[in-house]
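With the hints as constraints, model all of the structure from the sequences given.
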Amino acid sequence: MTNLDALWQPITVGGLTIPNRVFVPAHEAYFAANKAFNQQYVDYLAERAKGGAGLVTIGASAVHPRGAANGHTQAWHPENVPVYRALADAVHEHGGTVFSQLFHCGHQDSGQTGFDWDPPMSASAVTGPLYDRQVEVMSQDDIDTVIEAFAHCADLVAQGGLDGVELSGGHGYLIGQFISPFTNRREDQYGGSLENRCRLAIEIATEIKQRCPDLPLGIRLSYDEYLGEVGITPDESDRTIVILNDTGLFDYFNISGINYHTVFNLVPPMTSGLEGHMVENARRAKAAIGGSTPILAANAIRTIEQAADVLNAGDADMVGLMRAHVADPEIVRKAKAGRAAEIRPCVRANQGCIRRGSMGKGIVCTVNPATGREKAWGVDRQDEDGEALNLVVVGGGPAGMQAAETAASRGHRVTLLERSGELGGSLRLAAALPARHEWLGLIDHLTGALDRLGVDVRLNTEADADTIRSLSPDAVVVATGAHFDHSGNSTFRPDRPGIPGADLPHVTDPAAVLRDPSSVGERVVIVDEHGNHAAMSLARMLAESGKSVEVVTQQLYGGQGLTFTMDIPFVLPVLAHLGVTLTAQSFCESIAPGEVTITDLWGSSSRTTPADTVILNLSKVSDSALFDTLQDEVFDVRRIGDARVPREVDDAIYEGERWGRTIASLARPAAATA
Numbered sequence: 001m002t003n004l005d006a007l008w009q010p011i012t013v014g015g016l017t018i019p020n021r022v023f024v025p026a027h028e029a030y031f032a033a034n035k036a037f038n039q040q041y042v043d044y045l046a047e048r049a050k051g052g053a054g055l056v057t058i059g060a061s062a063v064h065p066r067g068a069a070n071g072h073t074q075a076w077h078p079e080n081v082p083v084y085r086a087l088a089d090a091v092h093e094h095g096g097t098v099f100s101q102l103f104h105c106g107h108q109d110s111g112q113t114g115f116d117w118d119p120p121m122s123a124s125a126v127t128g129p130l131y132d133r134q135v136e137v138m139s140q141d142d143i144d145t146v147i148e149a150f151a152h153c154a155d156l157v158a159q160g161g162l163d164g165v166e167l168s169g170g171h172g173y174l175i176g177q178f179i180s181p182f183t184n185r186r187e188d189q190y191g192g193s194l195e196n197r198c199r200l201a202i203e204i205a206t207e208i209k210q211r212c213p214d215l216p217l218g219i220r221l222s223y224d225e226y227l228g229e230v231g232i233t234p235d236e237s238d239r240t241i242v243i244l245n246d247t248g249l250f251d252y253f254n255i256s257g258i259n260y261h262t263v264f265n266l267v268p269p270m271t272s273g274l275e276g277h278m279v280e281n282a283r284r285a286k287a288a289i290g291g292s293t294p295i296l297a298a299n300a301i302r303t304i305e306q307a308a309d310v311l312n313a314g315d316a317d318m319v320g321l322m323r324a325h326v327a328d329p330e331i332v333r334k335a336k337a338g339r340a341a342e343i344r345p346c347v348r349a350n351q352g353c354i355r356r357g358s359m360g361k362g363i364v365c366t367v368n369p370a371t372g373r374e375k376a377w378g379v380d381r382q383d384e385d386g387e388a389l390n391l392v393v394v395g396g397g398p399a400g401m402q403a404a405e406t407a408a409s410r411g412h413r414v415t416l417l418e419r420s421g422e423l424g425g426s427l428r429l430a431a432a433l434p435a436r437h438e439w440l441g442l443i444d445h446l447t448g449a450l451d452r453l454g455v456d457v458r459l460n461t462e463a464d465a466d467t468i469r470s471l472s473p474d475a476v477v478v479a480t481g482a483h484f485d486h487s488g489n490s491t492f493r494p495d496r497p498g499i500p501g502a503d504l505p506h507v508t509d510p511a512a513v514l515r516d517p518s519s520v521g522e523r524v525v526i527v528d529e530h531g532n533h534a535a536m537s538l539a540r541m542l543a544e545s546g547k548s549v550e551v552v553t554q555q556l557y558g559g560q561g562l563t564f565t566m567d568i569p570f571v572l573p574v575l576a577h578l579g580v581t582l583t584a585q586s587f588c589e590s591i592a593p594g595e596v597t598i599t600d601l602w603g604s605s606s607r608t609t610p611a612d613t614v615i616l617n618l619s620k621v622s623d624s625a626l627f628d629t630l631q632d633e634v635f636d637v638r639r640i641g642d643a644r645v646p647r648e649v650d651d652a653i654y655e656g657e658r659w660g661r662t663i664a665s666l667a668r669p670a671a672a673t674a
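When the letters of the sequence shown are read in order and numbered with the UniProt record's numbering, they come out as residues 1 to 674.
Source of the hints: derived by calculation from the structure; they are not laboratory data.
Treat the hints loosely; a few may be bogus.
DMTMM-like cross-link-like pairs, simulated, lysine to aspartate or glutamate; straight-line CA separation at most 20 Å [what the hints assert, rightly or not]:
| no. | residue 1 | residue 2 |
| --- | --- | --- |
| 1 | K375 | D385 |
| 2 | K334 | E387 |
| 3 | K336 | D309 |
| 4 | K375 | D89 |
| 5 | K620 | D651 |
Okay, here's the thing in structure tokens:
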């Protein structure tokens, strides 16, 4: 068993005592997109402090309109000060500390965030990969303006009572663009030698220290841009950190990596297999400066045990858990109290956090429906509902399990009926796909919670109206899931009711294949409308078993649905290596015995390809028969998750939580009448 004691030791950073060694790294939550800091952001960060994190960090707040990037909080507004004070008070109340990370995006900007439409700016005329916009090279006046902007925003942080500032010097943003030889091709005092490329970071830090001498100051660095010799490398970073440390300006170094060409390495999804892969660079940084200044490590450190391992090995002085805190803000408090088994695990689906954030939407969490809703649903807001009700949940998938957990935690008596021999529903099938086993962590967590809360779980139980009546419920929630539609009906082909031949015996769906992989022939065509793991990871599974696989999709490219979860760089190379054919911008025109006809999206070509098995990953149909039969009962009946409308795990977990929190008010009139 991992010894966690090192995590609970205090540490001093720039004269500030941080109560333990666990921090929440800076990450943009998009709650105040293109606006000043706001109360939702306060509630979100304060929740992590309440949960025991020693340090929480406001993420990537822009210091100037020309470096704002779409969706980022704007740090230059004076009206941030009272909101900072509210955050500082909330964090300090729980014994924590709070910093703000300040950044300028440089060339990672569309130039169209506001209405001025100035072009992106950077050290040199190197186009950023995010928006593909050409860049204006910064003049000395531009540089001076940026330095002043950082200092001004740091001053606002100090006025607001926050405990410190972190400069964003990595991740391909402006300070990192000056440090990197890939993006800095200047020939003046800011370019050329490594010392010159570090000059902007040093001048910004100098101005901040002059204006706010007592404010602790750190910097986050990309120790490796993963671009090879053309970009920042660990060998060069060993020298960079010495240059920066020798100035005496920085009170800690937060070691990270990537630029936007390689951003998928920053928050790798479960398909990546990467965990703690940047710790090696923290170890190097600590060795380079001889332990004279605290080193912080983060990125893909998934569990509290992994965090302790980093400290126990002497690789860093503090450890950051970002997605783990999104999933469970109480991770520190639970671990310290010996309740590690109750920690809600991050499964690295990257759906609620990274995908939504990439689209500029406020983050949520696939496994934690309270994320982003802390004011109403946060820690210590799980009050009992008063009189206990007798509740029945039908279906042991994610929606049903979450509904049962939440209702039981509020004091209700809950019986869960599941027709199969195990809990998990469609999520257990998803976990059977290659590199998707982390879904089992969520199933295990919910199963453990139901056991601790005393939920009466009845497996191998087919629920019907008589069975449910015999339990005398005050309310019933139907979470019976959904099944794949085999008609071949597609919203993208309104000209036809389905795919001709979709009813042939060799046509099946992903769920059926996962239940019985032996039923699949040697030549497989997957007809896919979603670009999700049901198609792409299934293609991998079948190809690894020796099948010939072609994926046909109307999307612009195969796996398009995995773009914003950062899965693409880990999924497509594997499929290419396995010889899977991805046929994009195409329709399955018809299915015949032993073959499929494929038509180009634009109608310019058509071909026939052999197929022993055709797998349709199209729409789903809710299993709502039980819900329909219960409509005349005296007890309250609701449906949630896929039984309501087929969607994703995020929706199922959210609706389970919502039902569990609101069923008392919905069901009491019926209970009283009965």
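Structure-based check of each hint:
no.	hint	verdict
1	K375 with D385	18 Å, holds
2	K334 with E387	28 Å, violated
3	K336 with D309	15 Å, holds
4	K375 with D89	16 Å, holds
5	K620 with D651	15 Å, holds
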